[in-house]
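Student: Letter by letter, the chains look like this.
Protein chains: 2
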Amino acid sequence: MMNKKTAPVGVFDSGVGGLTVAREISRQLPDENIVYFGDTARVPYGSKSQNTIIRFSEQIIRFLKTKEVKAIVIACNTASALALDAVKDEFDIPILGVVIPGARAAVEATKNRKVGVVGTEATVQSGMYTKVIQGMNPEITVIEKACPLFVPLVEEGFKEHQVTEEVIEYYLESMRSTDIDAMILGCTHYPLLRSKIRAYMGDKIQIVNPAYETAMDLKCLLEENDMANDGTEGQHSNYSFYVSDAAEKFRKFANTVMPFDVPITNVVNIEGY
Amino acid sequence: MMNKKTAPVGVFDSGVGGLTVAREISRQLPDENIVYFGDTARVPYGSKSQNTIIRFSEQIIRFLKTKEVKAIVIACNTASALALDAVKDEFDIPILGVVIPGARAAVEATKNRKVGVVGTEATVQSGMYTKVIQGMNPEITVIEKACPLFVPLVEEGFKEHQVTEEVIEYYLESMRSTDIDAMILGCTHYPLLRSKIRAYMGDKIQIVNPAYETAMDLKCLLEENDMANDGTEGQHSNYSFYVSDAAEKFRKFANTVMPFDVPITNVVNIEGY
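Chains as they are written, first to last, in the numbering used here: chain A, 1 to 273; chain B, 1 to 273.
Just so you know, these hints were derived from the structure itself, not from any lab. Don't take each hint at face value.
Since the list can't tell identical chains apart, any single copy or any two copies may satisfy a pair.
Here are the simulated lysine to any residue pairs, SDA-like style, with alpha carbons at most 20 Å apart [stated by the list, open to error]:
#1 Lys-159 <-> Tyr-170
#2 Lys-249 <-> Arg-55
#3 Lys-65 <-> Val-268
#4 Lys-145 <-> Leu-172
#5 Lys-4 <-> Asp-261
#6 Lys-4 <-> Asp-31
#7 Lys-114 <-> Glu-224
#8 Lys-88 <-> Gly-135
#9 Lys-252 <-> Gln-50
#10 Lys-145 <-> Asp-179
#11 Lys-5 <-> Ser-26
#12 Lys-249 <-> Glu-121
#13 Lys-145 <-> Asn-33
#14 Lys-159 <-> Tyr-171
Using the sequences and the accompanying hints, generate a full structural model.
Tutor: Rendered as structure tokens:
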């Protein structure tokens, strides 16, 4: 029987974006060990169907369970929106997504009860952020907008390019003309465009990154289940990284996100799980 | 034993782009039946590694063989560049890619022996177009350039948007300043940006779309092997479409490309092949 306290937390994403969530967990829960999986062979998830995203998530959870994780964080908004309900019923392990924590943060942030959500096509089509927010407070109006070019712009290094400003204007013009006072960055890539989005949307809007709140939720969950690693064993926390493709490219990107040197990244044939 | 003449031709791509190749085959070889597979669950291929693209191509070829195809066309430039050599050795069926036909068309088109190639990151990194062109004529200089944002721009409907013109300028400025006189559109999505690329690059450059030459090569291959469908059985040619995800979305896009109503598209669990 594994020691639940020292067992690692599994974190997964369609690719590299979820590293921002892993980083936040490492900040808030420095004693926890993490096993990260990025599905780089099948990225992106944002344009794919619910059935496919559930199947991919199931395979990844089966893989993470072979690493004896004590809990799993779905760092990907698309998988959280489309697959969390299905996999929670299916697996006997605590699983957290980023949508519920992100929604709660927005509900707390809004004063005028008008919230904007930006995300992938699949996330927005699911309407999950609206459902969860209105489940918390039915009086809140939610405006969702898919911004499918944001991910490739970040991945292709256009973060600082003028083209990105034009694409932000193209997607967010209609949202800016509303009077929302909080906006969820409902895709793990979008925080990397935060300063340009903030510049376009203006200072009156509070921008919510679900990663922070997700790490807090994980902390509560581990403490409630008496699974938190209290670090009394004196070991340094241990991070391991797995991907389904292009390990070296992943490792280089991960090194720019994580606050330590990312060790060797291993390739997993995820379709076999 | 199947009848080789009436057996269908298999055509595959990472997604919808290869439909432009299927359309060209249907124009030049109207009597041939086609089984098309689009790997919509794992699209795009252009940012992935060679091992992964070979594994995906093997699975698709195994699937197409269950449909008793007599020959296979890899309509995807990335898979043609990275996987053709491997799968040709592995399977006992004629397999054609788009790189060799596209290269030959460019070799015939260039007068000053300077050819440009635009494609995905994986295609350009493989250097396959340069190898094949210089194998045909070692005196030709080849300039390759990856344009990874072109595919998402086309897929997100930005074909006519000003942003697309700026991205074209960003990628092709250095190529325009050379004196190439022929340019290969080395990705099946790029012909959909042809008019904007032509406007930017100017009239002196001959733009090569490998689809046309690929259909001609297929015709030769079928005739040489006495496998061409001569249509004497009086049946209409039959097209069937398979994808790994999001069949209805595929069917709608396919209807905008193919010169006839695309029938029901079937979803295949390609990872099982």
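Student: Decide, hint by hint, whether the structure agrees.
Tutor: Evaluated hints:
For a Cα distance limit of 20 Å, the shortest separation of Lys-159 from Tyr-170 qualifies both inside one copy, at 16 Å, and across copies, at 14 Å. Proximity of Lys-249 to Arg-55 under the C-alpha cut-off of 20 Å is restricted to the inter-copy arrangement: shortest distance 19 Å between copies versus 25 Å within a copy. Taking CA atoms no more than 20 Å apart as the test, Lys-65 paired with Val-268 passes inside one copy only; the shortest distance there is 14 Å, against 27 Å between copies. In this homomeric assembly, Lys-145 and Leu-172 come within 20 Å of each other (Cα to Cα) only inside a single copy, at 8 Å, whereas the closest approach across copies is 31 Å.
In this assembly of identical chains, the alpha carbons of Lys-4 and Asp-261 never lie at most 20 Å apart, being 26 Å within a copy and 57 Å across copies at closest. Taking CA atoms no more than 20 Å apart as the test, Lys-4 paired with Asp-31 passes inside one copy only; the shortest distance there is 13 Å, against 65 Å between copies. In the homo-oligomer, the alpha carbons of Lys-114 and Glu-224 never lie at most 20 Å apart, since the shortest distance is 32 Å inside one protomer and 68 Å across protomers. Taking the closest pair of Cα atoms, Lys-88 and Gly-135 come within 20 Å of each other only inside a single copy of the chain (19 Å); across copies the shortest separation is 56 Å, beyond that limit.
In this assembly of identical chains, the alpha carbons of Lys-252 and Gln-50 lie at most 20 Å apart only when taken from different copies (18 Å versus 30 Å within one copy). In this assembly of identical chains, the alpha carbons of Lys-145 and Asp-179 lie at most 20 Å apart only when taken from the same copy (15 Å versus 44 Å across copies). For the homomeric pair Lys-5 and Ser-26, the shortest alpha-carbon distance inside one copy (16 Å) is at most 20 Å, but the shortest distance between copies (62 Å) is not. For a Cα distance limit of 20 Å, the shortest separation of Lys-249 from Glu-121 across copies, 13 Å, qualifies, whereas the shortest one inside one copy, 26 Å, does not.
Taking identical chains as interchangeable, the C-alpha atoms of Lys-145 and Asn-33 are never at most 20 Å apart, the minima being 35 Å within one chain and 42 Å between chains. With identical chains, the CA atoms of Lys-159 and Tyr-171 are at most 20 Å apart both within one copy (16 Å) and between copies (16 Å).
In the structure shown, a violation is registered for the earlier hints numbered 5, 7, 13, in ascending order.
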